[in-house]
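There are 2 protein chains.
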Amino acid sequence: MIGTIQIREAIPSDAENLLNHLQKIAVETGFMTMGAEGPGKTVEAKQKELESILESDVTVLLVALDEKEIIGIAEIHGNESPKLKHIGDISISIAKDYWGIRLGTTMMERLIEWANGPTSQLKRLELTVQARNERARHLYEKMGFKLEAIMPRGVKDEGDYLDVCLMSMMIGEI
Amino acid sequence: MIGTIQIREAIPSDAENLLNHLQKIAVETGFMTMGAEGPGKTVEAKQKELESILESDVTVLLVALDEKEIIGIAEIHGNESPKLKHIGDISISIAKDYWGIRLGTTMMERLIEWANGPTSQLKRLELTVQARNERARHLYEKMGFKLEAIMPRGVKDEGDYLDVCLMSMMIGEI
Numbered sequence: 000m001i002g003t004i005q006i007r008e009a010i011p012s013d014a015e016n017l018l019n020h021l022q023k024i025a026v027e028t029g030f031m032t033m034g035a036e037g038p039g040k041t042v043e044a045k046q047k048e049l050e051s052i053l054e055s056d057v058t059v060l061l062v063a064l065d066e067k068e069i070i071g072i073a074e075i076h077g078n079e080s081p082k083l084k085h086i087g088d089i090s091i092s093i094a095k096d097y098w099g100i101r102l103g104t105t106m107m108e109r110l111i112e113w114a115n116g117p118t119s120q121l122k123r124l125e126l127t128v129q130a131r132n133e134r135a136r137h138l139y140e141k142m143g144f145k146l147e148a149i150m151p152r153g154v155k156d157e158g159d160y161l162d163v164c165l166m167s168m169m170i171g172e173i
Numbered sequence: 000m001i002g003t004i005q006i007r008e009a010i011p012s013d014a015e016n017l018l019n020h021l022q023k024i025a026v027e028t029g030f031m032t033m034g035a036e037g038p039g040k041t042v043e044a045k046q047k048e049l050e051s052i053l054e055s056d057v058t059v060l061l062v063a064l065d066e067k068e069i070i071g072i073a074e075i076h077g078n079e080s081p082k083l084k085h086i087g088d089i090s091i092s093i094a095k096d097y098w099g100i101r102l103g104t105t106m107m108e109r110l111i112e113w114a115n116g117p118t119s120q121l122k123r124l125e126l127t128v129q130a131r132n133e134r135a136r137h138l139y140e141k142m143g144f145k146l147e148a149i150m151p152r153g154v155k156d157e158g159d160y161l162d163v164c165l166m167s168m169m170i171g172e173i
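Protein sequence lines correspond, in order, to chains A and B. Under numbering that gives the first Met the number 0, think of the first position of the first sequence as 0, with each following residue one higher. Under numbering that gives the first Met the number 0, think of the first position of the second sequence as 0, with each following residue one higher.
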C-alpha cells in the first residue's frame with residue numbers, strides 16, 4: 000500500500016538512501032542511461048555532491064519519499080560555464096511500484112516552479128528520453144516540452160541501438 | 000609565416016602548451032563554449048587527464064603543432080557508461096592565424112579514421128556548433144555530418160542567446 004508521499008530537496012544524509020534507489024531502478028527499467036552497473040559512487044562522494052548541490056544556484060535535486068524510502072528523484076542539472084549557465088538538464092526517475100500515480104507530473108511541476116523562481120537564471124530546459132518510452136514523452140509534452148531531435152543510436156540497451164528524443168522548453172524573459 | 004604542421008596524439012608533457020592554446024582561443028573567438036574565463040585547470044590536472052586519455056579506448060586527443068607551439072586541437076570524447084560507450088563527442092579548435100589552410104578538414108579526417116579503426120567501438124559521432132559559424136558547419140557537412148536539431152538558446156555569448164546546431168554521423172557496422 001502506498002502511503003502519503005513527501006517531496007523535498009535532497010540533503011546530504013540522503014546519500015545512502017539515494018544510491019539504493021538508483022541501484023534499484025538501474026535494474027528494473029531499461030529506460031535509464033545508467034545500466035545494471037549502477038551509480039558506482041561511494042556514500043561519502045554522494046554526500047559531498049549533495050552538499051554542493053544545496054549551495055548551487057543552477058542545480059536542484061528533489062526526492063520523493065514513502066515513509067523513509069526514496070522512491071523518486073527529479074533533478075535540474077546546471078552548468079557552471081558562463082556561456083551555458085542558463086541551460087538546465089532535467090532527469091526524473093521513479094521506482095516501478097509508484098508508476099501511474101502522477102508522481103512524475105507532480106515532481107516535474109515542482110522542478111519547473113523552481114526553474115521559474117527568483118533564484119534561478121535558467122532560460123532553457125532540456126532533456127533526453129528514449130523514443131520508445133511513450134509514457135514519459137507524453138508527460139513531457141503535456142508539461143510544454145517540444146521535440147527538437149530524434150537521435151539515432153542515442154543509447155544502447157541489451158545489444159540494440161535505440162532512438163533517443165531531445166526535448167526542450169524555453170522559460171523566463173530574455 | 001606558417002611552417003610544416005605536425006599532427007599527433009597529445010602526450011602528458013603537452014599539458015602546459017595545451018592550456019596556453021585553450022586560453023588563447025577562448026579569447027580570440029566567440030565560437031567556443033568556453034569563454035574568456037579559460038580552461039581553469041592546473042598543469043598537473045591536465046597532465047593526469049592526458050595520461051588517462053592515452054589509455055582510453057573511447058577518447059582520443061590530437062594536437063597540431065607549428066614548431067613547438069600547439070595551434071589546433073581535435074578530440075573525440077567518449078563515455079564510460081556501457082549504454083553510451085558507442086557515442087563519441089567531437090570538438091575541434093584552431094588558432095585564428097591558422098584558419099583557412101584546411102587544417103580543420105585534415106584533423107577531422109584523422110579523427111574519423113581513428114573512429115573507424117580497429118580499437119574503436121564507436122557507432123555514432125556527434126557534435127554541436129553555433130548556427131552562425133557557417134565555416135565550421137560547412138566543414139562538418141562536407142565530412143558527412145547531418146543536422147539533427149537547431150537548439151534555441153543553446154549558448155549565450157556577449158549577452159545574446161544563440162542557436163546551436165546538433166549534428167551527427169553514424170559509423171561502423173551494427
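Read the hints as simulated data drawn from the structure, not as lab findings. Quick caveat, the model's predicted, so the values are computed rather than measured. Worth double-checking, as some hints may not be accurate.
Which copy is meant is left open, so a pair is good if it fits within one copy or across any two.
[Stated by the list, open to error] Capping the alpha-carbon separation at 20 Å, the derived lysine to aspartate or glutamate pairs in EDC-like fashion look like this:
id : residue 1 : residue 2
1  : Lys-141   : Glu-66
2  : Lys-23    : Glu-112
3  : Lys-122   : Glu-157
4  : Lys-155   : Glu-48
5  : Lys-122   : Glu-74
6  : Lys-45    : Glu-79
7  : Lys-67    : Glu-133
8  : Lys-95    : Glu-133
9  : Lys-155   : Glu-108
10 : Lys-122   : Asp-156
11 : Lys-145   : Asp-162
12 : Lys-67    : Glu-125
13 : Lys-122   : Asp-88
14 : Lys-122   : Asp-162
* **Intra- versus inter-subunit Cα pairing at 20 Å for Lys-122 with Glu-157** => Close across copies (15 Å), not inside one copy (36 Å); limit 20 Å.
* Give the relationship of Lys-67 and Glu-133 under a CA distance limit of 20 Å: within one copy only, between copies only, both, or neither. => The answer is neither: 30 Å in one copy and 54 Å across copies each exceed 20 Å.
* For Lys-23 vs Glu-112, is the C-alpha pair at or below 20 Å within one copy, between two copies, both, or neither? -> neither (28 Å within a copy, 40 Å between copies)
* To do: Please work out whether the CA atoms of Lys-145 and Asp-162 approach to 20 Å or closer within one copy, between two copies, in both situations, or in neither?
  => both (16 Å within a copy, 15 Å between copies)
* To do: First find the shortest C-alpha distance between Lys-67 and Glu-125 inside one copy, then the shortest across copies, and answer within, between, both or neither for a cut-off of 20 Å.
  => Cα proximity of Lys-67 and Glu-125: none, with 30 Å in one copy and 41 Å across.
* To do: With 20 Å as the alpha-carbon cut-off, assign the pair Lys-155 and Glu-48 to within, between, both or neither.
  => For Lys-155 and Glu-48, neither the intra-copy (27 Å) nor the inter-copy (26 Å) Cα distance is at most 20 Å.
* **Copy assignment of Lys-122 with Asp-88, given that the CA separation must stay at most 20 Å** => For Lys-122 and Asp-88, the Cα distance is within 20 Å only inside one copy (11 Å; across copies 24 Å).
* Asked: Between copies, within a copy, both or neither: which fits Lys-141 and Glu-66 at Cα up to 20 Å?
  -> neither (29 Å within a copy, 57 Å between copies)
* Can you tell me if Lys-45 and Glu-79 fall within 20 Å by alpha carbon in one copy, between copies, both or neither? -> both (19 Å within a copy, 19 Å between copies)
* Asked: What label fits Lys-122 with Asp-162 when the C-alpha limit is 20 Å: within, between, both, or neither?
  -> So Lys-122 and Asp-162 pass the 20 Å test across copies only (13 Å; inside, 26 Å).
* Asked: Can you tell me if Lys-95 and Glu-133 fall within 20 Å by alpha carbon in one copy, between copies, both or neither?
  -> This pair counts as within: shortest intra-copy Cα distance 15 Å, inter-copy 46 Å.
* Asked: Using 20 Å as the alpha-carbon threshold, which applies to Lys-155 and Glu-108: within, between, both, or neither?
  -> Classified as neither; 30 Å inside a copy, 26 Å across copies.
When held up to the earlier numbered hints, the structure conflicts with 1, 2, 4, 7, 9 and 12 and fits the remainder.
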